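Can you build the whole structure from these sequences, using the hints too?
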Amino acid sequence: MLRMTRRTRRRGWQSTFSGLTGLGLIAPFLVAAGVFIVYPFVELLRTAFGEPNGFGNVGDFFQSPAARRTLWTTCLTSLIVTVIVVAAGAVLAWSLRTTKSRLTRMVIALAVFMPLWMGAVMKIYVFTVLLERFGVVNRTLTSLGVIDEPMQLLRTQFAVVAGMTYQMLPYAVLPLYAVYVTIDLNLIQAAESMGASRVRALRDVVAPLALPGLLASTVIVYVICVGYYLTPVLLGGATAPFTASLIADDIFNLFEPAQAAVASVLLLVVAGLVILGGLRLVGRERLRRALG
Amino acid sequence: MSSQRTHASGVKRDRRGRRGRIAAALSVAVAVATVTAACGSDSDSGGGSDTLVIAGWGGSFTAANKEFFYDQFQKDTGIKVTIATPGGGFAAKVAAQRAGNNIEWDLLEAPGGDTSKLVLDGNLERFPESLIKEITPLVADGAIRPGPSEPYYLDHGGTVNLIGCNTKLVKKCPTNPREFWDVKNFPGTRGITANNPIFTSLFALAGDGVQPQQYFPVDVNRAMTALKRIKPNVQVWSTSPAQMQQAVVDGEVAIMQAPNTVLVSAMKQVPQLKLHWDGGLLFDEGWCVTKGAKNKEAAFKFIKWYAEHREAQAKFTEKIYSGTGGRDMQKYLSPEAIENLPINKTGVTLVDGKAGAKQQQELGKALREILVG
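Note that the protein sequences, when read in sequence, are chains A and B.
The working numbering applies: residue 2 is where the first sequence begins, and numbers increase by one.
The working numbering applies: residue 179 is where the second sequence begins, and numbers increase by one.
A few of these clues could be false.
From the structure, some residues in chain A lie toward chain B, with a derived Cβ separation under 8 Å [stated by the list, open to error]:
#, residue
1, THR71
2, GLU133
3, ALA239
4, THR240
5, ASN254
Read the hints as simulated data drawn from the structure, not as lab findings.
Quantities reported herein were computed from a predicted structural model and do not represent experimental measurements.
Backbone N, C-alpha and C fix where the C-beta goes; we use that ideal spot for every residue, glycine too.
Okay, here's the thing in structure tokens:
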């Protein structure tokens, strides 16, 4: 009887799984991670540092002024977009958090989340219609007498920044809003009752509490931006591509897989450094608390 | 009774334990199945001859092909036609697909300057003898190309890159490449087609005064210097025909070098557009079947169907003034269409595709440095 009880206890519900069951349940993830992350990454490194010149492939990449300029354009444009998006996102998310008007909240939410519901090509096409030579912006400015001749807006860095900003806004607003809702609004009133101005209350009370959200938004936006492909191609044109376009060109036009792989590794390095920088700024303690 | 209950619950628990193991085993099976499905397998390769994937240029050329060939072929044979529009760079893309052992396209829709490169790289299927026998009476002499010993493509397209000028936007139009390069005497926003480095480089050489008989081997430095000179005046370097068509229709460019199919199509919306054929570059191109294509039988079936439908070929030519490979096409075409066929225009040069293919990669790299660097 005792043996039976022990046996049934072993076979009954247990709060912890046996090692084998745990391994079985985690197997899909392990297999997927192995096939879709580890294997491609190893292949990428093998191609980048393989034929024709091994580690010299990196040197070959930097010998090309076009490749250098493209990498610089990618990093700089992504930085500009990140600064604009995070600044605008911080204000929008704060408005969303603090407004008492249901209409205002709905309008902001709709404006922010609309880009998430539209396809990338449609979003870009909207900007093409707005920015083309005889498009909405040029026609409006001409009819108002602000400009005499239509300006070149499409196929410029301005067009790329505008298009990317619009698309990236939700990625900044969402994490910031998630942080803002955890901030007790009474803290601002408390600060003001102690003599702080509204600006000072926001700077000294809200900003430190929102810092992890701000950094998370910055990192997310920047890392996504450096990988952009369609928007720079369609709004920026052939003379100011992003590194992703260079990679496509290396694979599909020049058939230079090693150079494409080197460019991909460099993008990963840039993204990795930004993530590490973000983690460092957030601090180990805050991160541990956030992860529970 | 009690022992019976204990036995029953023991059986239940035993089942639960077994279920746990089964769940774990199923998880592994699902994972393996997912990965296998994602990686693809021979049995699920989309093979068979009920599908045909055609890679084309997009824009008016593909639209006309669809209207007169693809839709009717699909109706007649029941083979589902899927169109991909990479817009250029066919040779490198096919090479990449072959290197990755994943041939996505069965038939290539007249891949312009890339046709010879595809032949040179061994990336096309040779036409079967039976197909050659069947279509020879239906197609023009020499339409199976590049020659009788190398039957790799059937003449179709024959697109010319030439100069277009929107007289609504500029008063004085350049009529040849040299005048196109003369930005002082022929002011106006410019657009150049840059989806094939051979087209672009030869146009630059012509703009710099090089005669067609001296195009090859391409003087890369001279071509790139000429492109660098004109770069500040070029608003659009189009990487696909559709992109140039949009720039022309929107009035973004007043003077442009573009495929005749694009310009003829744009003329419907911009009637002030004038074409200048002097210095035009004609590429030898046609229907090609990708080496190792999953549906190569369907692709060859299409080529046979195309050869058999000369009325459809005539309608295609009447619409976009682009050539086809049919025999005695003058019987089917209007005098106006015959006059407007690129091959019949004076000042148009038939480009040596093989010579171009040998320098394609070198020119591609150099062009990128000029555009981006």
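Status of each hint after checking the structure:
no.: 1; hint: THR71; result: holds, 6 Å
no.: 2; hint: GLU133; result: holds, 5 Å
no.: 3; hint: ALA239; result: holds, 4 Å
no.: 4; hint: THR240; result: holds, 5 Å
no.: 5; hint: ASN254; result: holds, 4 Å
This entry satisfies every hint, going by the numbered hints stated previously.
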